[in-house]
Amino acid sequence: MWSLLILLPVLAPQEHPAARAAHHWAYTAPVRPTPPRSDVSPIDAFVDANAIRAGLTLAAEADRATLLRRLTFDLIGLPPTLEELDAFLADRSPDAYERAVDRLLASPHYGERWASPWLDLARYADTDGFNFDSPRTMWKYRDWVVDALNRDLPFDRFSELQLAGDLMPDAGEEGRIATGFHRNTMLNDEGGVDAEEARWDRLLDRASTTATVWLGSTLHCAQCHDHKYDPISQRDFYAMVAFFEPASEDKLELPTPEQTKRRRELQERVAQLEATGAAAAAITAAKKELKAFAVDSTLVLSERAGVAASTTLRVRGSYDVRGDTVEAAVPQALGPAWPADAPKNRLGLARWLVQPDHPLTARVHVNRLWGHLFGRPLVATPEDFGMQVPPVDHKELLDWLATEFVRLGWSQKRLLRTIVLSATYRRQCAVPADERERDPQNRWLARGARFRLPAEHVRDLQLAASGLLAPAIGGPGVFPLQADVSGVVPTNKAQLRWQPSAGHARHRRGLYTFWRRTATFVQFAVFDAPSREQCIVLRQRTNTPLQALSALNDPAAWEAAKALGARMAKAAGDDRDRLALGFRLCTSRAAEAEELDLLENALRAEAADQRWTLAGNALLNLDEALSR
Amino acid sequence: MSRHVDPLQPTRRAFLGQLGLGPIALSSLLGGERRAGPHFTPRAKNVIWLSMAGAPSQLDLFEPKPALDRHDGKPVPQELIAGQRFAFLKGTPHLLASPYSFALRGQCGAPVSELMPHLATIVDKIAFVKSMHTEQFNHGPAQVFMNTGHAVVGRPSCGSWVHYGLGSEAQDLPGFVVLVSGKIDPGAGPVLWSSGFLPAVHQGVELRTKGDPVPCVRDPEGVDRAARGRTIDLVNGLNRRRFEALGDPEIASRIHAYELAFRMQASVPELVDVQSEPAEVHALYGTEPGKNSFANNCLLARRLIERGVRFVQLHHRGWDHHGTDASDDLLHGLPNMCRQTDRAAVALVLDLERRGLLDETLVVWGGEFGRTPMQEVRDPKFLGRDHHAKAFTIWLAGAGIRRGVTLGATDELGYHIVEHPVHVNDLHATVLHLLGLDHERLTHRFQGRDYRLTDVGGTVVRAVLA
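Chains A and B, in that order, are what the protein sequence lines are.
Under my numbering, the first sequence has 168 at position 168, and the numbering climbs by one with no breaks.
Under my numbering, the second sequence has 838 at position 210, and the numbering climbs by one with no breaks.
Among the hints, erroneous ones may be present.
[Said to hold, decoys possible] Below, a list of computed lysine to aspartate or glutamate pairs in the EDC-like style, where the Cα atoms sit at most 16 angstroms apart:
1) A:K413 <-> A:D152
2) B:K753 <-> B:E981
3) A:K228 <-> B:D1083
4) B:K1009 <-> B:D1066
5) A:K562 <-> B:E981
6) B:K838 <-> A:D484
7) A:K291 <-> A:E253
8) A:K288 <-> A:E268
9) A:K562 <-> A:D609
10) B:K718 <-> A:D194
11) A:K413 <-> A:E606
12) A:K228 <-> B:D1078
13) B:K673 <-> B:D1066
14) B:K919 <-> B:D901
15) A:K562 <-> B:D847
16) A:K562 <-> A:E606
17) A:K261 <-> A:D296
18) B:K838 <-> B:E916
[Said to hold, decoys possible] Computed list of chain B residues with no C-beta within reach of chain A, every gap over 10 angstroms:
19) P692
20) I709
21) L732
22) A855
23) R858
24) D861
25) G875
26) A889
27) E908
28) A1037
29) E1047
Note that these hints are calculated values from the structure, not bench results.
Yeah, the Cβ is synthetic: ideal placement off N, Cα and C, and Gly gets one too.
Turn these sequences into a full structure, and let the hints steer you where they fit.
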């Protein structure tokens, strides 16, 4: 009895979640930490101190070929060309690496590389999803993302345009296209679907996705009840939904000059036929042609005048059980005060998200960027910075990066530049076994990061190494060669027609592959690309036999093997030189003598008509070819 | 196909030995991270789930309703439908008697209509649940619900959870295999076997019966097995050097993956080659080798279970009998679907039983919802029923299931459940329970909370357990 009484005061005061949240680090604006040393990059100062404290030895800088490969894949998603490699290896000037960084940041392929992870967040696809999975025209939005990244549109502006570009008078057409971000929701038009309920589902998706992408918050947990861990009430969730209530879903026509001209011609023809009293059949035919004439377009959001930014809370999340009316508002605990001059609409929401002192937005974004460069983000749950977030090993580094990002004017290019110039980024992967055993996950970043390429870049590597790559940027989705899908029983109306594109369109970068939600491009699905049915923050990275089968036997992979084989076969020198060329095209480094021995012996074992294709096939399947 | 002799075997084994990775590591490559195994002694080792996509009409197969016969053609009582929403029915629909006759079958006296003569012979071996209900009345969401316990896509499927919980004993095949047959009709597609937020190694692998059984399993034109073996040997030889230099375990995993890929190239075609089965087996199932059919898939299901695959799911589409035309009405479409499935599903149960596999294999048969007691009139020439989420029938057989019982009942019109309702979460809890898994303890942390197949619901249906 006595012991119980003594224990009670210790156990009893369960702190209210809101009180605990008040001192949750992620809900407090980062204070720029002072690096422990000032003679090295702040990134290195933070990382080195942690790594040394963990008893690890800092690995040396990677060799130059490895470095250029890593950098080129990370910044533009392609392997370096042999010319670029030669030039870099020959350039002994102290700023050679820095100039390579700047060259790559200025490449038009930079936007392509960084668009894919953003499109995972934006759930971009070329079809509606669900049972019918009909095609939609959204590629103008995708191209806008590529272009905005290439222009290094500051992340605050980049965010505002996508959330509320239609409400920004100075944004013009670009602002309207950018609102496609929230038109990437799936569309359910199955029989019996209540149109209003389907619209409601899209609103919930918009609120949840906004919270995931900018706040790293699991706001959607509060759809049915107050959040179990985070200071988010059920009301907060619907207050976020309310921002999206006034938006209507529209199609924006973006005719090319030729399309405008052609349409005018068709209109004039109808008018002329009518004016001259032509036969009814001729008029009907001309009108039909005019109606069928499609110009480029994209899906956008537009604010409906006079519609309030408010919604109705749904009791226990149930669509048909209406509760109180809730006005648009942001979750109080998750950020700074609402800016005094901000309108209570999506634009105000966007402005609130990109307040320089917002505790989450910059942290959440730099954490994702770090994850793409190092294979794992600093915060292990990039989709959840809430109360359940696991301890962060490099907390000061995270905060420094977040404040630096804002200080650099939200410039993604400048932030990436800072990171890739650090010694931490440039370290080699090879370390003594005991060092690796002491930190198998590379938590402390004492060695370089090495990991398999994302799905699109596996394809890009195959195209680049084989010389097939068509480097054009932008345009509608294309249909590359795909593995046999004849045995796939299609879903309801989504017929599995995949007529491979002809000419250059067949060899475009992975980014441009037509993204079909119910039947993801086989090679991409195998290499962990998401279906894009919902917002995905970080892809999984698996290592499976299906990937081996794809890289060995997929028709597009085989086509690349043939082209690489032909490229080697007709190259100058003897077989050994040719194999060395192929090896370098795939791995970016010079083969060692023993490696060439293995390759040469294997080449000799094969029939003359096939040996070069098989050699190309083997080279494109090396772990090193598939990794960066 | 003759058994492939592996030309690389000695070097492979030597290498695996070097790495200190034996068969366990290999199976973990297929099965992903192996969990601690069952929570308690399991009754079943494996599951075969026969998904009758499109929703079979329980009222024309298992649920004779004399009241429907008496009131055939009369308006449905208002109190039944007030405030309810249907996929297609509008206004006040009329009741529809089943055009089929029923008889009480076996010792247990379970009613089965004339459309399923084969099932009628095994009613004493199986358990009917007549009181299944779900929360969704459209095919896509209801199928996603039946397969993942949640109506919105993104959660792991039942098979993925099982694989996550138990791994698989299959050495040369994925542990969760999906087979699809039937016409192009309602189906939510690959989300039904998605691993959701669980690691992708737990996702179902679709084995196709036309074209490549798994993507890219076939070597390119002109490449023979020996040449493919040499390529993999070369790739792995070079990768091995890299592994020695860098020590990155991902390289070792990739070496294993290529070994396994090579073996799968032999094991998968061998598996799908049902020609090798004796004529008597083909007669039992009604299989026609080379055809995409439910019967072929039932036979493949048995072959998969024999090879240690943990969870086999068949999806047979085409049960959506609204009465638009002859293909989807109760007088032509429904008997046709029964002809496609009745013999084979029963053959599967009997074949498993005589091989001693039924004791360790749970078989589940059922759709994503049921059909209405009211007629849907799309074309007066045809008979149809709309979607009905409030009550439908499934059957269970095999490991741990009571034989010859019927659980639950509906009202005299077959509209509402009046006895022992079984929610989709309850069915999932029961399946996991039979496999030795506690549905409340089989969890995975995602986005800050622990998720489970049964969400916040689910009660094990003990009444059907042996």
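*If you check each hint against the structure, which ones fail?*
4, 5, 11, 22, 23, 24, 25, 26
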